[in-house]
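The hints should help you fit chains B and C with the ligands onto chain A, whose structure is shown.
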Amino acid sequence: MTYEVPVAPGEKAEIEETTELSGESWPMWEVFVRAHRGISHVHIGSLHAPDVETALENARDVYTRRGEGVSVWVVPSTEVHAFEPDAAADYVEANEKVYRLATTYEIPEEVGQM
Amino acid sequence: MVVMSPEEQFQAIIDAEDKIEPPDWMPDGYRKTLIRQIAQHAHSEVIGMQPEANWITRAPTLYRKAILIAKVQDEAGHGLYLYSAAETLGVKRDEMQELLHQGKHKYSSIFNYPTLSWADMGTIGWLVDGAAITNQVMLTRGSYGPYARAMVRICKEESFHQRQGYEVLIRLCQGSPEQKAMAQDSINRWWWPALMMFGPHDSDSTHTEQSMKWKIKRVTNDDLRQQFVDMTVRQADYLGLELPDPDLRWNEERGHYDFGDIDWEEFWHVVKGNGPMNRERVAHKVKAWKDGAWVREAATAHAKKREARSAA
Amino acid sequence: MTNEIASTAPQGTPAPEPPDRIMTLLAYADDNMVLAQRLGELISNAPELEIDIALGNITLDHLGVARALYTHAANTEGEGRTEDDLAMFRTERDYTNLLLVEQPSGDFAHTMVRQLFFDAYQMELWKDLSVSIDPTLGGIAAKAFKEATYHMRFSSGWVLRLGDGTEESHRRTQDGVDALWQYTSEMFEGEAGKYRSAWTTAMETAFVEANLEFPSDPYQRTGGRGGFHTEHLGFLLSEMQWMQRSYPGLVW
Ligand SMILES: [Fe+2]
Ligand SMILES: [Fe+2]
Ligand SMILES: [Fe+2]
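Protein chains in written order, with the numbering used here: chain A, 1 to 114; chain B, 115 to 426; chain C, 427 to 678.
A hint or two may mislead.
Here chain A is said to cover these stretches of chain B; the calculated rule only asks that three of the stretch's residues, wherever they fall, bring their Cβ under 8 Å from a Cβ of chain A [unchecked claim]:
1. 181-193
2. 218-231
3. 365-379
4. 389-401
5. 413-420
Don't read these hints as lab results, they were simulated from the structure. Bear in mind that the values here come from a model prediction, so they are computed numbers and not experimental data. C-beta: ideal position from N, C-alpha, C; glycine also.
Chain A with its partners taken away, still in its complex shape (with noise of 0.2 Å):
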């Protein structure tokens, strides 16, 4: 729990996700970085920010903090493209693999958890 709020006894457990906005919101950033030189760029998060200077700027701050990284890339969140295979298709993939899934095998009760 921690963290989380328990719902009150006469409270509904789903929260509310959208409500209006009075202004504008800054862009949102894709950071990658480098962690040592011979490594590539990796995705760690992502940040807002109005501009490609503050961006940057701001991903040094924020996950840069502790010398993560010797190099740091930002990309508008919304020049990233990607290839997403077809859900439906997919699951015919996995269909076909079954094998691959734990579930697949059954396992004696007696030999316990594996």
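Below, chains B and C with the ligands alone, put in the same frame as chain A:
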């Protein structure tokens, strides 16, 4: 050929200890539970800056001041990582913040208690960050990729938080009688609220079963609380501080400490918004946000002007 | 404190450092200490989470410089005092920071203008001192110069965004410039006069880009380097020193 429904497929990924990633199909309940949990977690980190920021200008030494600033800054970072994780589920950070400001989103009740002495900077690190770590280590193994990854980063930083807090208390407890009394008073005030952080008893806790099945939650409230108490007693002994619970004793049979029951009336009181600091914390946050509106607007306006100029 | 430093050393110990060298170290330390204290008030109040985090870094940098300089001053003095003794047990008349850094932060535009004025000055100062004949000071200055470069990017970037943002942000930024201008000449008193022209050039660049105007009022206020402060400093120090003064002689 076994044809799996999306639901079965989803559960199979989780059962295989694999991670669910943002574009994956997920049951609406899973998504909603996660948004609720991550948003509340993010809000807690950000609101949690206040009780400690409260002591930055008054820290007794420059070294402690530096540590405290770094810690409060880390909490801002945690809030940011977590809002980012929530955004992968299709909710906007500004909307989550706005809902917090409207009182429609909540955050952990622990931050609705006031910090009244320097010793509280020690106690918060030791007990509050300590309780959080107990829980967050489990969250690094959660089923939702972006959340689990954010938790890995956060956990690394939390260990600094807990240790520096404990060190503050060591100094006080090895110091003058006045300092030790300051530490004891602080523990007396924070011990029970810290135990409350683990939430209601499992028997009174809604949705635990579903969250366990989805591996959003991996250990129950009572188990985590027990783990925390078992760990903490020895640390309190070392300090020579008394935990304010007459029922606290080792139970040989269970191999755990027994401890007294939480004041659940107080617990629900604070959850419902009537703790000592609920109103102040939200008011502080709302003021900072409103005062900053013209700054955010100005930055956007400037970015647009620049874009227009470079296009011309 | 001045007379303490000048007191005669017991026989056989090396001659005490000339007090003006220690006084200079203290003045630079006080600048950074007081500014760190001002910035420390802001955490959890920023317009965005990202700005809170950035300001946190800047605060830590100034605090770090103050600590290094206090320690260096204490070691130079050689009377067993510590960074905390120097920060916590000197009164507002002993503090010799610039008036600029003790000014309340005001709104975000005001804060950024104060930072810009000071950052541009410190860039010149640290660049100069990084080749100091005192190797400890040179080391502190070289590190501080790198930090000041980053601070300057942050403050000048924001002064530009705000000056050339909306009508409101422009007005607030010009107000900040007008209010704080009177504390700028003090930075260039005495030997520091040599930093003035580079600083002025930096301001001209920043102001042109941000559509800001140099104030026409020539009035300049001074006194900080001599311990003659604005009324703000006393409050700042009482909050900062309260713990040490209430519980003297303890370890924290
Ligand atoms: Fe945290
Ligand atoms: Fe935390
Ligand atoms: Fe923490």
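Checked hints:
{"no.": "1", "hint": "181-193", "result": "holds (count 3)"}
{"no.": "2", "hint": "218-231", "result": "holds (count 6)"}
{"no.": "3", "hint": "365-379", "result": "violated (count 0)"}
{"no.": "4", "hint": "389-401", "result": "violated (count 0)"}
{"no.": "5", "hint": "413-420", "result": "holds (count 5)"}
Checked against the numbered hints given earlier, this structure breaks hints 3, 4; the rest are met.
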